[in-house]
Amino acid sequence: MSMAAPSESSNAGLGLQQRRPHALGERFISILLMTAAALSVVTTFAIVLSLAGDTVAFFREVSVIEYLTGTLWTPLFSNPRFGIWPLITATFMTSAIAMLVAVPFGLAIAVYLSEFASLRARSLIKPLLEVLAGIPTVVYGYFALTAVTPFLRGFIPEIKSFNSLSAGLVMGVMIIPIVASLTEDAFNAVPRGLREGAYGLGAMRHEVALRVVFPAALSGVAAALLLALSRAVGETMIVALAAGQNPTFTLDPLVPVSTMTAYIVQVSLGDTPYGSIGYKTIFAVGATLFIITFAINFGSTLIVRRFRERYD
Amino acid sequence: MATSEIRRNFAPAEDMSFDAIQGSRRLKGMLLVAFSILALAVGVGMVLTLLIDVLVRGLPWLDWQFLTSFDSRFPERAGILAAMVGTALTIVITVIVSLPVGIMSAIYLEEYARDNWFTRLIEINIANLAAVPSIIYGLLGLAVFVRFFGLNRSILAGGLTLALLVLPIIIVVSREAIRSVPNGIRQAAYGIGATQWQTVWHQVLPVALPGILTGNILAASRAIGETAPLVTLGALTFIPFLPKDLLDRFTVLPIVIFNWSSKPQREFHDVAAAAIIVLLGILLLINLLAIVLRQRLRKQF
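Chains P and X supply the protein sequences, listed in that same order.
Going by the working numbering, 285 is the number at position 285 of the first sequence; the sequence numbering is gapless.
Going by the working numbering, 9 is the number at position 9 of the second sequence; the sequence numbering is gapless.
Calculated directly from the structure, the hints in this document are not laboratory data.
Result set (SDA-like, lysine to any residue): computed pairs, CA atoms no more than 25 Å apart in a straight line:
#: 1; chain 1: X; residue 1: K28; chain 2: X; residue 2: A41
#: 2; chain 1: P; residue 1: K126; chain 2: X; residue 2: A290
#: 3; chain 1: P; residue 1: K126; chain 2: X; residue 2: V292
#: 4; chain 1: P; residue 1: K126; chain 2: X; residue 2: I286
#: 5; chain 1: X; residue 1: K263; chain 2: X; residue 2: R249
#: 6; chain 1: X; residue 1: K244; chain 2: X; residue 2: V92
#: 7; chain 1: P; residue 1: K126; chain 2: X; residue 2: I217
#: 8; chain 1: X; residue 1: K244; chain 2: X; residue 2: R153
#: 9; chain 1: P; residue 1: K160; chain 2: X; residue 2: Q265
#: 10; chain 1: P; residue 1: K126; chain 2: X; residue 2: R179
#: 11; chain 1: X; residue 1: K263; chain 2: P; residue 2: P157
#: 12; chain 1: X; residue 1: K28; chain 2: P; residue 2: R195
#: 13; chain 1: X; residue 1: K263; chain 2: X; residue 2: F66
#: 14; chain 1: P; residue 1: K126; chain 2: P; residue 2: P191
#: 15; chain 1: X; residue 1: K263; chain 2: P; residue 2: G154
#: 16; chain 1: X; residue 1: K244; chain 2: X; residue 2: S69
#: 17; chain 1: X; residue 1: K28; chain 2: P; residue 2: P215
#: 18; chain 1: X; residue 1: K28; chain 2: P; residue 2: R211
#: 19; chain 1: P; residue 1: K126; chain 2: P; residue 2: V212
#: 20; chain 1: P; residue 1: K126; chain 2: X; residue 2: A130
Required output: the full structure, derived from the provided sequences and hints.
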């Protein structure tokens, strides 16, 4: 860095011409910084390429039609079948249960924070949410498996040791802070004037919150919920621990299933040599997961761009 | 407005008195607040239950032997020495790699970049990367670091993978910190003839440093808790030795917790609880450090 920042005295008294090397240093630094920023684009390309490589190799051996329409997933059996649907139904079942928990609770917390809470309550609740969001997911997974499932068995005796219900419920609690903080941002983006207008007409707080702020922030809320959904779809450790590793084509939340992420974990834990079909499946499943989450995220961006209410 | 006038103009239903309508409006408001508090109570309550459950089950197992032993087939002899060393080495690599690259990217985007297609591409790209599931980074690390660069399933490969994972977070928090530096500081520096880099290095960065550090500490704590990418990368679950160098195989705390939790024996669940206490303790310390740093270094303008 010494080249970049020569001491001031060395420059004193020099004409503009002699400072040229200096400009060269500036230019070098700016290019260096740009290269660092461009590295993130390289990362994206690397993700796409590394997924594509083995996925293409996978589809040399397995027909695309079987993959996209089959309802049996037994790639490591002696009579392998490669239908992705059991993994997809499991993924969406756990995500749907999680969203059923996280959306109402997360929205309620966001409404409370942005429209009702005093400054003191805010300064207490916000860090609390950050703590909840900071707990590693493997810890939530441990809890789902060793505490929530046994607890649920008290009400539903036929529930299996691995099931999507318990994994989904715990994942829902994990996502509450994400829903709450993202939707609160959307509520805060609604201009004060709208609220004050409503208060001026005699509306009560909950009426302002539900009939003025919420509709005005709807696009932001929708975008936030999609981002939360994509988190749920890509979540791994909770489902790998609590939902099982047993690909079944079912919508029964009480039996063991295997999500896309849990399958990748299962294969990674085993001894699967490079180039084997088992090894290639995790890239094919990973590519599917990547496309699904990318589509959800893209939908979220699209909603923000298309439907945002502008007030300026 | 007199009450009678409001009553005439605003009370819609004849069979409901003004007071009844006001009462039902108030009730709805209270219901909403009650539901919000219930929502908070569910989240906080569950995590409190989790913590108490973990403490009750794990504390009896948490002793010096547990911290200084390798993993074992017998729960009473199992320990987390290899996992703690693995976590420490991995995170050091992650921080060493991601910190400079992340801060440099942030400086570029905040101080240098013009508003053109290239800048927009980078910005959209960072937003997208932040939303990619962490397990996908594991597949990336497996394909690129483990196989293409031939690093094997090593600490180095794990650290580099996590570095890519936290890079978007580091860029976002560093940008926020740099953006919050008042413009007057830059203008004053330019005014006395400083070049752009001199302005950034001597004026902007020192002011932004507390914010950058805090954000990066939080990003590192995210990396410490990550399990899925390292499992995918092929980090081992059972390691009865200390790594010789950075190209050796490894395990980390979250993976050991995962492994013990998925065993059928109850004793291993208790040992997992003890490891969770250690992991949460480390994260708590790191977050406290971030808070203290923020308070200590903060400058007001």
